[in-house]
Amino acid sequence: MNSRIIKFALRNVLRNRRRSLVTGLTVLFGAFAIVFLQALINGTIRNAVETSVEGKYGAIQVFRQGYIGADDPLTVHFADDPNVVKRILAVGGVTAVAPRLDFDGMLSNGTEATMFVATAIDPAREYAVCPKRLDDVAPGGAALRPGDMERVLIGKTLAQSLGSQGDANLVMQAAGPHASTNALDISVRGYLRAQHMSESKRKATVTLRFAQELLRMQGQITEYVVRVGDHEQVDSIAPRVQAALGAEYFVTTWHEVDPVMRDRVKMMRFIMAFVTLTLCLLVVSTIVNTTMMAVHERVREIGTMLAVGARRWQVASMFLVEAVMLGTSSAATGIALGQLILVAWLSRGISGTMPGGDVTWFYPSVSHAFLGLALAFAAAGTALAALYPAWRASRLKPVDALRSI
Amino acid sequence: MVEQESPLVRLRSLSKEYYLGKTSVPALQGVDLEIYRGEFTVVMGPSGSGKSTLLNIIGCLDNPTHGTFEFDGHLISERDFDALAPVRNEKIGFIFQSFNLIPVLDVLENIEFPCLMARRREPAHVVRSRARALADEVGLSSCLRHRPDELSGGQRQRVAIARALVTQPKLVLADEPTANLDSHTSEQIIDLMQRLNEEKNVTFLFSTHDPRVRARARRVVSIADGAIVVVN
Ligand SMILES: Nc1ncnc2c1ncn2[C@@H]1O[C@H](COP(=O)(O)OP(=O)(O)OP(=O)(O)O)[C@@H](O)[C@H]1O
Ligand SMILES: [Mg+2]
Chain A
-6 MNSRIIKFAL RNVLRNRRRS LVTGLTVLFG AFAIVFLQAL INGTIRNAVE
44 TSVEGKYGAI QVFRQGYIGA DDPLTVHFAD DPNVVKRILA VGGVTAVAPR
94 LDFDGMLSNG TEATMFVATA IDPAREYAVC PKRLDDVAPG GAALRPGDME
144 RVLIGKTLAQ SLGSQGDANL VMQAAGPHAS TNALDISVRG YLRAQHMSES
194 KRKATVTLRF AQELLRMQGQ ITEYVVRVGD HEQVDSIAPR VQAALGAEYF
244 VTTWHEVDPV MRDRVKMMRF IMAFVTLTLC LLVVSTIVNT TMMAVHERVR
294 EIGTMLAVGA RRWQVASMFL VEAVMLGTSS AATGIALGQL ILVAWLSRGI
344 SGTMPGGDVT WFYPSVSHAF LGLALAFAAA GTALAALYPA WRASRLKPVD
394 ALRSI
Chain B
3 MVEQESPLVR LRSLSKEYYL GKTSVPALQG VDLEIYRGEF TVVMGPSGSG
53 KSTLLNIIGC LDNPTHGTFE FDGHLISERD FDALAPVRNE KIGFIFQSFN
103 LIPVLDVLEN IEFPCLMARR REPAHVVRSR ARALADEVGL SSCLRHRPDE
153 LSGGQRQRVA IARALVTQPK LVLADEPTAN LDSHTSEQII DLMQRLNEEK
203 NVTFLFSTHD PRVRARARRV VSIADGAIVV VN
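Protein sequences, first through last, are from chains A and B. One point on numbering: in the numbering used here, the residue at position 20 of the first sequence is 13, and numbering is uninterrupted. One point on numbering: in the numbering used here, the residue at position 150 of the second sequence is 152, and numbering is uninterrupted.
Chain B with its partners taken away, still in its complex shape:
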């Protein structure tokens, strides 16, 4: 049974190996980690240390080679990719380094997009009003009808943040969300996510190289060569 204090994410001796031909590349080695509701956690580490791999496994985009992964009280290992689609759709939001917006859709439509892929479709006007509210929240109400190529990097990442929140997920994963932004814009994006965390209690898990992000984090997980070295 799920207790009040049980973690949202629980990893136990999780490891991941990639195979390049016959040689195996260890990307994660025996990771133990818990993430609780309402956290604003940053995973730091040098390039190639396994940050993206970790986030992809937590996001149900990839399977661990060994170990167990529980999400929201459910054991997630060894499940079919399509069977996890509702988890990705309803419980997890993704923010990417390179925004990954759909170029043929405008701002509102991009925000609504996860709802279009949902198993249980809500009425269009319900989705639309939620998308508008989110666009307002992230400061995009003046360009709802713009296509991604008409937006600045910072605006695009705001769209991505709104899209990650549209299904009201339990966890938002952000893989280096500020790496493609200048420092001023990065600051604003971090502010926005911090505000969403504090005001709406959205749980965030970041990976980053960015010391400014680290400065805002309530909890920092340091990772090197696929293993967690410090948690503080």
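Looking at chain A on its own, in the form it has when it is part of the complex:
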């Protein structure tokens, strides 16, 4: 475009400085808020998904058919078989597999006993699937290591209810398949971090070898947990794992195993979409309003332009260029400001606490693609917003426009 036309549009934008400033600040705020909120939501979702997928459930879970919903799930166990592991690993997108044994029972200190829900893991293989388990221990304790045997990690509330401090000795009692009860000594190696109260009250983690001995289930497990390269791909990878293993096994994903988290993610995405829409409407309406006022003030000038030979599209494009100039530059400033704050300040992380849980950290950020998209949307949005007033301006009758005060 002609540089003289750009200069002309720029001066028109600047002629009512206060109005342009207010409009610009509104657009700036809108763009800033969209980037900032998106980053917070991204950070929260990432944290939540990682906590769920990389800290608890893995992306994909493999059970024996009939495990879920069984009266006595422990009876639906299967052998930890290297051939099965190989078949799972052969599926594209799968990066690691680890065995688990889930069970429950009673923990006692000799005088009192309380219920627990335990996950038995193989420390040599587990952290490849759920690396976050390594950080899932409160300061002072340590994650389970491959050599560990009679060691347990338990929720803090569970520990307190047994009067345990530090590495107390407890007795773990549980029923194996077909109700054969057994009890073994165990010592507390540390406290699990908890996202919420029920975790703190009930959770325990032991080694797979210990659990197999306690339950008299040598070589048996209840599930494999599977890590994938990209969480977003999980719904396409899971059916391929199922196909590789056959009908004997039942394959599911963290979406189904952790529906609370899935719904929380959905909810956050929905809220973000709603907030974004609201902010977009704010931006569009202020641009419409400003352009309307500009047209209204300049009716005589429009008449003059038409009289000296401007065509109607030239009048319309003048107002469009002005709106896009103001809108895009303000949006770019808002987006840049948002990104600056995110990079300079929040990239170090924000800590948050769920009621009854421990401190978790999350890291707000947006992708560069999102920033580009936001800017493109701002440019297109302001153009769209200015379209109607600009069109109105171009339809003015020159005779009437010239007669107006």
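Hints are computed from structural coordinates only; laboratory data are not their basis. Yeah, the Cβ is synthetic: ideal placement off N, Cα and C, and Gly gets one too. Please note that the accuracy of each hint is not assured.
Stretches of chain B that chain A covers, calculated by requiring three or more beta carbons in the stretch to come under 8 angstroms of a beta carbon on chain A [said to hold, decoys possible]: (1) 81 to 87; (2) 196 to 203.
Examples of chain B residues lying across from chain A (beta carbon under 8 angstroms, computed) [what the hints assert, rightly or not]: (3) L57; (4) T70; (5) R90; (6) N91; (7) F96; (8) F98; (9) N102; (10) V106; (11) F115; (12) P116; (13) L118; (14) L146; (15) P150.
Got chain A sorted already, so can you dock chain B with the ligands onto it with the hints?
Just chain B with the ligands now, kept in the frame of chain A:
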């Protein structure tokens, strides 16, 4: 074919009605008029007699209701507004009672403005030198970089005159160009336009109430109630 002596503007039984709701207001009724190249013609008449309406139709800003209008040998009736933009841009210059300058542009830029809207854009330096020459011609060379709000009424009208001439039009239309000026300034503006007419052979068509303008006119068209009463 356009002969040497054919008129620049030829109106034949031209009429214009405005509609206010259901009632029609006749603004022009059966006007016949010719304007020749190099003329300095004044349209006189009381307020509401149809002077502006006549000039707007000749300036291709408005359509007649009935009758024919030829400009420079071409029949102008019933054409799309945008299709006439080049005619307004290249062949006609406008001077308004209230100057109608663009407030964000300085003197030179206002003079150049019609060229910015032109279909075929000339190189910027060509336009610039022509604008400078015109500014000089109308006596504005000392304030080329001033914005309209820094100029007196007379200076503003000089800018408007230079702007009307920048595309070297065949006809300059001036609707009451002195109505917003004091008598001394009016005199100077009329002098200027008369000089441009005599020295550069620019064709002018005015509307006015001003008897001083009438005194300078080579031809006066009197109009009353939308009809021409005398031509002398
Ligand atoms: N847009 C319009 N709508 C309705 N009526 C109009 C319109 N423009 C002009 N008229 C009417 O047409 C008639 C002629 O108006 P016009 O403006 O041409 O007169 P004029 O001679 O220029 O008057 P003045 O000296 O006051 O400028 C008047 O009766 C006026 O009220
Ligand atoms: Mg008038």
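| field | Which numbered hints fail | value | Failing hints, ascending: 2, 3, 4, 14, 15.
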